[in-house]
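J.: Read top to bottom, the protein sequences are chains A and B. FYI, numbering that gives the first Met the number 0 numbers position 236 of the first sequence as 235, with every residue one higher than the one before it. FYI, numbering that gives the first Met the number 0 numbers position 192 of the second sequence as 191, with every residue one higher than the one before it.
I should point out that these hints are in silico values taken from the structure, not numbers from a laboratory. It is possible that some hints are incorrect.
As the list claims (entries may be wrong) - Computed list of lysine-lysine pairs in DSSO-like fashion (alpha-carbon distance at most 30 Å, straight line): (1) A:LYS28 x B:LYS49; (2) B:LYS49 x A:LYS344; (3) B:LYS145 x B:LYS113; (4) B:LYS186 x B:LYS280; (5) B:LYS195 x A:LYS264; (6) B:LYS145 x A:LYS205; (7) B:LYS195 x A:LYS294; (8) B:LYS8 x B:LYS131; (9) B:LYS49 x A:LYS31; (10) A:LYS294 x B:LYS135; (11) B:LYS135 x A:LYS208; (12) B:LYS94 x A:LYS294.
Stated by the list, open to error - One-sided and incomplete, this derived list gives chain A residues near chain B with beta-carbon spacing under 10 Å: (13) ASN47; (14) SER63; (15) GLU126; (16) SER127; (17) CYS139; (18) LEU173; (19) ILE210; (20) ALA211; (21) PHE232; (22) GLU234; (23) THR245; (24) THR247; (25) MET277; (26) TYR288; (27) ILE326; (28) ASP334.
Built from N, CA and C at the ideal position, the CB exists for glycine as well.
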Amino acid sequence: MRLINIDKKSWTGGLENLYGNYRLFGPVKNNKHHVFKELSKGELPDLNYLNTLLSPKSIVFSQSETMFEYSLDESKEQHHILKEINKDYSPQALIGIRPCDAASFQLVKRNFDTPEYKDPYWLRAYESTTFVGLACSNPCSTCFCTSTGCGPFHEDGLDLLLVDEGENFIAKILTPGGENFIKSAGWETETDPVAAEKIIKNMKIKAEKKIASFVSTDQLKNRSAIDLYAAPFWEEIAFACINCGTCTYACPTCWCFDIQDEVSKNLGIRMRNWDSCMFPLFTLHGTGYNPRNTKMQRVRQRFMHKLKYYVDKYDDGIQCVGCGRCIRLCPVNIDIRRVCDMMNKYEG
Amino acid sequence: MHMPEYTAKIKEISARLLKEKKVEMVIGFRKGTVPMMNEPCFVKMPEDVKELVWDSNCGINLANYLTDRKEKIGIIAKGCDSRNIVTHIIENKIKREQLFIIGVPCKGMIDKNKITSMFENEINEISEHEEKIIVKGEGFEKTLNKNNVLQKNCKICIHRNPVIYDELAADLLDEQKDIDRYEDVRKIEAMAIEDKWNYFDEILSECIRCYACRNACPLCYCPTCFVDESRPQWVGKSTNPVDTRTFHFLRAYHCAGRCTDCGACERACPMGIKVRTFTKKLEKDCLELYGWEAGLSLDERPPLDTYRPDDPEDFIK
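For reference, chain B alone in the conformation it holds in the complex (with noise of 0.2 Å):
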């Protein structure tokens, strides 16, 4: 199935949902003012329903708008928002019977700063047709191969599809096989303590402490961030490195065992800055320590707030 098609089932899904009244809103996307951007919105009326879409630029995860609301809400999820709406029911953020999700298998997003970078005039605008992504700008037009483009998250993905769900608009995917995930994380794993601590200090070294990293992700919903503490205050607040790097730190370690690997932080940043970088690493570290993948399960507690005698503790030294 081709996304016009996926958008098409959306649309039907949702308004049905609107007109029968199961839910008083669906929470979706449509179509953005800029080339590779769609918006998040709701949608309350029926015959409202025409704005939604469903593309290649639907990064964004929508479990993030869930956080405590108290409507019956249908919402779209791909295979990330998905796991982030079991997680968020796990840890209260959200009721299952409040929820119709309408799943959607994902083929997955594509790379907005990757694909700006290999031209030099500015793109006006973006098409897809199946694994094509159509580029035009003044004076050029290229097709991509989307598959070439994909976010990173994306290009490693193997939970395409949602875990949970009660009505499908796309037949299931096959899962991608035999994917590395953690290539990444190793190399950096490889490295000398002196050279991870410059290589970290140079990702950061761009960061401007605008948390849209935090603020685009589903599991940063503390009613207080320590980083907005100020009594007392934990964090300096300007943009010395040591304050930028504890930020971003303790984030990573805050999510461990819950993030999804959804990549919604990567994309929201302003900068371009490769945030997953120190998040992937935990989720690496829970997959080898506790063999968990986050919000594959309703009915399975995180590790990390769970004991088990037999939990491994070499780490503790």
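Just chain A, same shape as in the assembly (with noise of 0.2 Å):
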């Protein structure tokens, strides 16, 4: 594994170099916030950022995304026969991700990648993507990643992680797409692996420090779904929620989508939309019956999903990397924090 010096006066050239072999994108401020976008050339990334507004999931997995196409009209020989429309899996990086949104991406891969069943949407785009991290020195108050097996410089999910040492980075390879973007860029001074993980190391230990926040799982596990399903609490914790879908957005580890077709004249596409267990329609029947039609139901679905079904489908800890994003971003300060909490504490 190498690591490597990359002087910040050579990181607009490095950049450049990139921009013909892969499509770049990265965190860019616009008039609000933080937001990952592809960047045009010349435009650099904003590394001096907390962490976006929403997660980086839309570049692999669309809030919208156009899977097929057709005609209606039968003077055609094709019509009525699903196409699947080209897209551009050409390699692209997403640079100055996150180590917990880097973490996210394995995990949503769980549900896009199984023996049985591959997205190929997903997987493509996944598989194109070359994942650039930078290690988080700075958390928020709401950060606890290091409660859901990841961490401020955690490495899983990344090809590289780039560490800011204020004149330069240190960069990490971690897997042959790291060399390879590495090497594109033309970043080639490499360092002293055990001078610079003693720095990287004491870096991690200062940056894990200033966690401020925790949330206890160890006994999700040992705790029976049907007892936490008829918990009391679920009436009080859903009560302030709206049910809107701004969690399940903003979340990097939700995946649901919905299948929606729309024709307009001849033409049809098929598409997908992220969809949320928030919404009474997700779970709307066919026959008009709606499983879960309250608002208790949808808010329990929730958490009991990333809480406690994963847990026991996958003995791999929650699913949530604990960026912290719901929380800020939820319209009344609902907080897994302490849901997590209350699920973990509740003995029946």
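Two chains, two frames, a set of hints: combine them into the complex.
T.: Okay, here's the thing in structure tokens:
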């Protein structure tokens, strides 16, 4: 594993070299907040940011994605036949992604890439992506990544980790994809791995100490799903909820989508759009029956999925990377940390 | 009276109501887990009233939590909440007899987006003393004048006192006078049609269709919103700008003559979209055409669900 020293003076030049070989995405501040977007030529990612408002999941899993198109014009030979539309799956790089967000792609992969089912759209986009992480030296007060098996310098899901040392970045190459990225940029100054690792380790310890927010998850697996489902606290937790989709749309680990056909004149498209378990329509049956017809049921589902069903199904912790976005953005201050602790403590 | 006194009085009234079993629950706010956020909550036991708070972060409209409830409820109501309670009663979403309204003369709510955007670093703590808001974060502390960081709707509010109440948590305030409520609307009205269209598209370009604006709104209680209808489906569900625009425009029209400009929609929006831009134009129209302000009286029907022979009809071309 190589460690490269990137002098910040060569940062812009390196990105220019990358521009022809990758589609580059990075955090950019619009007039209000930081968002991940495709960088145009010469545009630099703003790496001085706490975290982006929404997660970068949309780069691989777009909020609205057209999958097929078809013609209803019966004079055409191929009418009523779904045709996959061409998409750009050329190499892309996500520059400056936080370790929590990088971990979320690994988590979401569980859903989109199983032995039985492979989601071709997600997988193709995922496989075309190089994940260039930015270690997090200033976690927010709502960050609880260290409680979720992640952390501010976590490397899982990254091809490359950038550690900001002020005048330069230390780039820790983690995969062949990361190696290619570095080569393509032309950053070649190797640095003493032992010394660099030591610096990284110290910065990591410092960053982890700054994490001020924690959740307990150790008992979730032992709790009975039935007891938790029937727990008395759901009415109280759900009371404030307005059942908007903010938490699920902001969440890097929420993966649900809905498939829709839209037809205009003789041309149709089949698309998928993010969906949210907060919406009544999410579970509305064709018969008109809705098994999750109340707000409380929907709120319970969201937390039970993330903090219990997922835990039971995969035996690898909770379905959350601790990025804190749902806490920061919830219009009525429903806090997953509080709910997680209530569930973890609940003995039935 | 200052905020801690408001809170103390709210607790006192709430505990009394619960003890005397005049209500089954009190709906109010408890302190939030992040700065500038409080959480709407209910209290059912007198000993739990200690949770209740009142400060400048109670911008969510609590009338939204009354819809179709059956209990006897004590509810904390600032000016706009009380007007939406009136609207709810008129529209049969709750009965006056079910409610004990704890009126809170309101000194305005602070704009969390505005304050957040004033600082590079994260804000860790906010406190308030009279007209001062003290903001603290890592390596900084700054005192702001509350009047400069009010939510936009609070800044131009002319109904800070509750219009309907059973008991007050503080003395009534002098209402703000000589307020120009529609300066921003007039600016948009003056735009060329194409500029207006582009301006609206720009405002809405970040919308993620989460419906926080709609769901935070006490007026939006339709059993199934038109955007959620699937048989037939009126509006597409993607982030296509035409569909997004349709949603926002139609929602605004649906609130015409009912909107109290409580600002809950704008406060709830995770993207910081100025959704009041649309509802305010219709609020202005209702005032100009019918001399109407929503939610001021239980005895008058809203202009858009009544007919009068002398209703203005200049807009019918």
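J.: Run every hint past the structure and note whether it holds.
T.: Tested hints:
Proposed proximity of A:LYS28 and B:LYS49 is contradicted: the alpha carbons are some 41 Å apart, above 30 Å. Taken as a hint, the B:LYS49 and A:LYS344 pair is honoured in the structure, with Cα atoms around 23 Å apart against an allowance of 30 Å. Among the hinted pairs, B:LYS145 with B:LYS113 is consistent with the structure: their alpha-carbon atoms are about 12 Å apart, no more than 30 Å. A hinted pair counts as satisfied when its Cα atoms are at most 30 Å apart, and B:LYS186 with B:LYS280 qualifies at roughly 11 Å.
A distance of roughly 29 Å separates the Cα atoms of B:LYS195 and A:LYS264; the hinted pair therefore holds under the 30 Å criterion. With a C-alpha separation of about 36 Å, the suggested pairing of B:LYS145 with A:LYS205 is violated against the 30 Å cut-off. Distance hint between B:LYS195 and A:LYS294 is unfulfilled; the C-alpha atoms sit about 37 Å from each other, more than 30 Å. Among the hinted pairs, B:LYS8 with B:LYS131 is consistent with the structure: their alpha-carbon atoms are about 21 Å apart, no more than 30 Å.
A distance of roughly 37 Å separates the Cα atoms of B:LYS49 and A:LYS31; the hinted pair therefore is violated under the 30 Å criterion. A threshold of 30 Å between alpha carbons decides the hint, and for A:LYS294 with B:LYS135 the separation of about 36 Å lies outside it, so the pair is violated. A hinted pair counts as satisfied when its Cα atoms are at most 30 Å apart, and B:LYS135 with A:LYS208 qualifies at roughly 20 Å. A hinted pair counts as satisfied when its Cα atoms are at most 30 Å apart, and B:LYS94 with A:LYS294 qualifies at roughly 22 Å.
Using the Cβ-Cβ criterion of 10 Å, the hint placing A:ASN47 at the interface with chain B is satisfied: the shortest such distance is roughly 8 Å. Interface hint status for A:SER63: upheld, as the beta-carbon distance to the closest one in chain B is roughly 4 Å, under 10 Å. For A:GLU126, the shortest C-beta to C-beta distance to chain B is roughly 25 Å, which exceeds 10 Å, and the interface hint is violated. Interface restraint check for A:SER127: the shortest CB-CB distance to chain B comes to about 22 Å, outside 10 Å, so the restraint is violated.
With a cut of 10 Å, the hint placing A:CYS139 at the interface with chain B holds, because the nearest CB-to-CB distance is about 5 Å. About 28 Å separates the beta-carbon of A:LEU173 from the nearest beta-carbon of chain B, more than 10 Å, and the hint is not met. Because the closest C-beta pair between A:ILE210 and chain B is about 13 Å apart, greater than 10 Å, the hint is violated. Of the supplied interface hints, the one on A:ALA211 holds, with its beta-carbon coming within about 9 Å of a beta-carbon of chain B, less than 10 Å.
The restraint placing A:PHE232 at the interface with chain B is violated, with a minimum CB-CB distance near 13 Å, outside the 10 Å limit. With 10 Å as the threshold, the beta carbon of A:GLU234 comes within range of chain B, its nearest partner Cβ sitting at about 9 Å, so the hint holds. Proximity of A:THR245 to chain B holds as hinted, the smallest CB-CB distance being about 5 Å (cut-off 10 Å). Below 10 Å, beta-carbon pairs count as interface contacts, and A:THR247 has one with chain B at about 8 Å; its hint therefore holds.
Hint status for A:MET277 relative to chain B: holds, with the closest Cβ pair at about 9 Å, below 10 Å. Of the supplied interface hints, the one on A:TYR288 is violated, with its beta-carbon coming no nearer than about 14 Å to a beta-carbon of chain B, more than 10 Å. For A:ILE326, the suggested interface contact is upheld, since its CB lies about 6 Å from the closest CB of chain B, less than 10 Å. Interface restraint check: A:ASP334 against chain B, minimum CB-CB distance 4 Å, threshold 10 Å, status holds.
Of the numbered hints stated above, those contradicted by the structure are hints 1, 6, 7, 9, 10, 15, 16, 18, 19, 21 and 26, listed in ascending order.
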